[in-house]
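Engineer: With the sequences and hints as input, model every part of the structure.
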Amino acid sequence: MAPTPLLLRSAAATSTPLRLTTSTARRLLSTTPQPAASTGTSTNETKPKLKPLTPSQKAFLSSALRVNQAGELAATLIYTSQTPPLLRREPHLRPLMSHMYEQEAAHLLTFNTLLAKHRVRPTALYPLWSVLATGLGWGTAMMGKEAAMACTEAVETEIGGHYNGQIRTLLEMVGQWEAEGYDVGEEFRELISTLRRIRDEELEHLDHAVEHDAQKAQPHWLLTGVIRAGCKGAIWVSERV
Amino acid sequence: MPPNCAAVARLLLRPSTATATATSCPLRAIRAASTLVRPPTSASPQTTPRSLSQSHPRPYHSTTHPPPPSPFTPTESAILSASYAHVPTHGFTPSSLALGARAAGYLDISTSIFPEGAFSLIKWHLYTQRTALAGKKDSIAGFESMSLTERVEALTWERLMGNGEVVGRWQEALAIMAQPTYVFASVKELAELADEIWYLAGDVSVDPTWYTKRASLSAIYAASELFMTNDRSPDFSETWHFLRRRLAEAGEIGDATRSVREWLSFTASAGVNVLRSKGVPI
Ligand SMILES: [Fe+2]
Ligand SMILES: [Fe+2]
Chain C
155 MAPTPLLLRS
165 AAATSTPLRL
175 TTSTARRLLS
185 TTPQPAASTG
195 TSTNETKPKL
205 KPLTPSQKAF
215 LSSALRVNQA
225 GELAATLIYT
235 SQTPPLLRRE
245 PHLRPLMSHM
255 YEQEAAHLLT
265 FNTLLAKHRV
275 RPTALYPLWS
285 VLATGLGWGT
295 AMMGKEAAMA
305 CTEAVETEIG
315 GHYNGQIRTL
325 LEMVGQWEAE
335 GYDVGEEFRE
345 LISTLRRIRD
355 EELEHLDHAV
365 EHDAQKAQPH
375 WLLTGVIRAG
385 CKGAIWVSER
395 V
Chain U
-1 MPPNCAAVAR
9 LLLRPSTATA
19 TATSCPLRAI
29 RAASTLVRPP
39 TSASPQTTPR
49 SLSQSHPRPY
59 HSTTHPPPPS
69 PFTPTESAIL
79 SASYAHVPTH
89 GFTPSSLALG
99 ARAAGYLDIS
109 TSIFPEGAFS
119 LIKWHLYTQR
129 TALAGKKDSI
139 AGFESMSLTE
149 RVEALTWERL
159 MGNGEVVGRW
169 QEALAIMAQP
179 TYVFASVKEL
189 AELADEIWYL
199 AGDVSVDPTW
209 YTKRASLSAI
219 YAASELFMTN
229 DRSPDFSETW
239 HFLRRRLAEA
249 GEIGDATRSV
259 REWLSFTASA
269 GVNVLRSKGV
279 PI
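Chains as they are written, first to last, in the numbering used here: chain C, 155 to 395; chain U, -1 to 280.
Mixed in with the good hints there might be a few duds.
With a Cα cut of at most 27 Å, we get these calculated DSSO-like pairs of lysine-lysine [stated by the list, open to error]: (1) C:Lys271 to C:Lys201; (2) C:Lys271 to C:Lys203; (3) C:Lys271 to U:Lys186; (4) U:Lys186 to U:Lys134; (5) C:Lys386 to C:Lys370; (6) C:Lys386 to C:Lys299; (7) U:Lys135 to U:Lys186; (8) C:Lys271 to U:Lys135; (9) C:Lys299 to U:Lys276; (10) C:Lys271 to C:Lys205; (11) C:Lys370 to C:Lys299; (12) U:Lys134 to C:Lys271.
Because the hints were derived from the structure by calculation, they are not lab data.
Structural biologist: Take a look at the structure:
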């Protein structure tokens, strides 16, 4: 069976620590090859042998999808509120901003669909995240292009690491199934490849932000530090509430 | 004689259960000397790990992997389904439970199987009725062509009719459900019913309306259920009108909150545009 070694190999690839100090490390992560899972799904004549999910696996999946939806909702709102003030000063950024916004909107749609399909409740703090994300987008855009890009840099750094953590947990989960002689199944193959694709797109946004002078924001360390701490807090809360 | 055996004997000796006692008492007396007798086919009841799933309401629902096992063990299911048949006459009571245990082949009923007593029987009713809705959905005429609201109405009505057989005993059940020990489990079950109805109706909203929809349907269902216990009209037609009125009112409230939200966002964006036209760089 082809999927087994491939899944294991990519497990090793994603366990590379997310280091963002050098652009090479970033490149390595953001260009992780797509897993063969999407192409290598053989149409199975026999019904796959799937293991029932344990309560703790269900709890993990439910909170993972919930926090991802909250994050993508925030991302679309950050770009929505950032774009008008930013483009007034830097009209040439229009294609970049609309490209990033469209990707975020697609991510949000993906998680909305997944939540409904798997009967996961949305975060109870939905209105709060909406207001905070809008405020963050507008606020950083008012501070200038560098601050807006530093905002993207900080957010995507956290989000990239966050998605990597989820992918790692999922790979451990399906690896365990395979070790016990169960099949992984389309549902989880697809989920893992979706998360990988979105993770890669987030890291592209990070690259774009750095290319557009994110690190020239003053004071860069304070701005990214505060935003990253905010993201960590929001993730922590969304996983629970 | 184990103490729980004595408890069953006491229950069976109540006047209301005299007929059952007449036939089963000698049998009990013979076997009571031995310890708890179980039917040979079923394994000893296991304690299922329920606490974790209970602390995570609405967990991930897999569309391909096998569903989680029933919250009731095979032994519990056997006794509870047999006991349920006695509810219309004996109510949600330990008497029904004891009669059911006998019918299922148990001479004694261990209190460790049902520490919650009569409430276990109520939970059985709530669980089996809720999970039966998915199957009933297919028998609702024209379900696929209904609007979302109509589907919610039809499913809620189906669930209310699930109380039909035990409606004479339902006020007693509600009184037990309202006890402090059981109120959390009862409210959780109500929330799961509301979630089930919206899910079966095909609702896919995953925004704040997810909460308002479930909260208002829970309230409407609970009110209709209570109304139904006093409804003497044929085929519960008054309950049907009651339900329709409550759902219509909730629809109006939903529209009102939506228009407030739309008005707020319109006003905000209009305000921003006015400021921008005055040269304010926002
Ligand atoms: Fe995204
Ligand atoms: Fe992003």
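Engineer: Decide, hint by hint, whether the structure agrees.
Structural biologist: Going through the hints against the structure:
With a C-alpha separation of about 22 Å, the suggested pair C:Lys271 and C:Lys201 falls inside the 27 Å cut-off, and the hint holds. Pair hint C:Lys271 plus C:Lys203 holds up; C-alpha atoms about 21 Å apart against a cutoff of 27 Å. Restraint check for C:Lys271 and U:Lys186: the C-alpha separation of about 21 Å stays at or below 27 Å, so the hint holds. Simply put, U:Lys186 and U:Lys134 have alpha-carbon atoms about 22 Å apart, close enough for the 27 Å limit, and the pair holds.
Taken as a hint, the C:Lys386 and C:Lys370 pair is honoured in the structure, with Cα atoms around 23 Å apart against an allowance of 27 Å. Among the hinted pairs, C:Lys386 with C:Lys299 is consistent with the structure: their alpha-carbon atoms are about 24 Å apart, no more than 27 Å. Only pairs whose Cα atoms come within 27 Å are accepted, and U:Lys135 paired with U:Lys186 is accepted, the gap being roughly 22 Å. Under the criterion of a C-alpha separation no larger than 27 Å, the hint pairing C:Lys271 with U:Lys135 is consistent with the structure, at around 18 Å.
Taking the CA atoms of C:Lys299 and U:Lys276, the gap is near 23 Å; set against the 27 Å cutoff, the hint holds. Annotation: proposed proximity of C:Lys271 to C:Lys205 holds, straight-line Cα distance about 19 Å (limit 27 Å). Between C:Lys370 and C:Lys299 the CA atoms are separated by roughly 10 Å; this keeps the pair inside 27 Å, and the hint holds. Straight-line distance between C-alpha atoms of U:Lys134 and C:Lys271 comes to about 21 Å, which keeps the hinted pair within the 27 Å bound.
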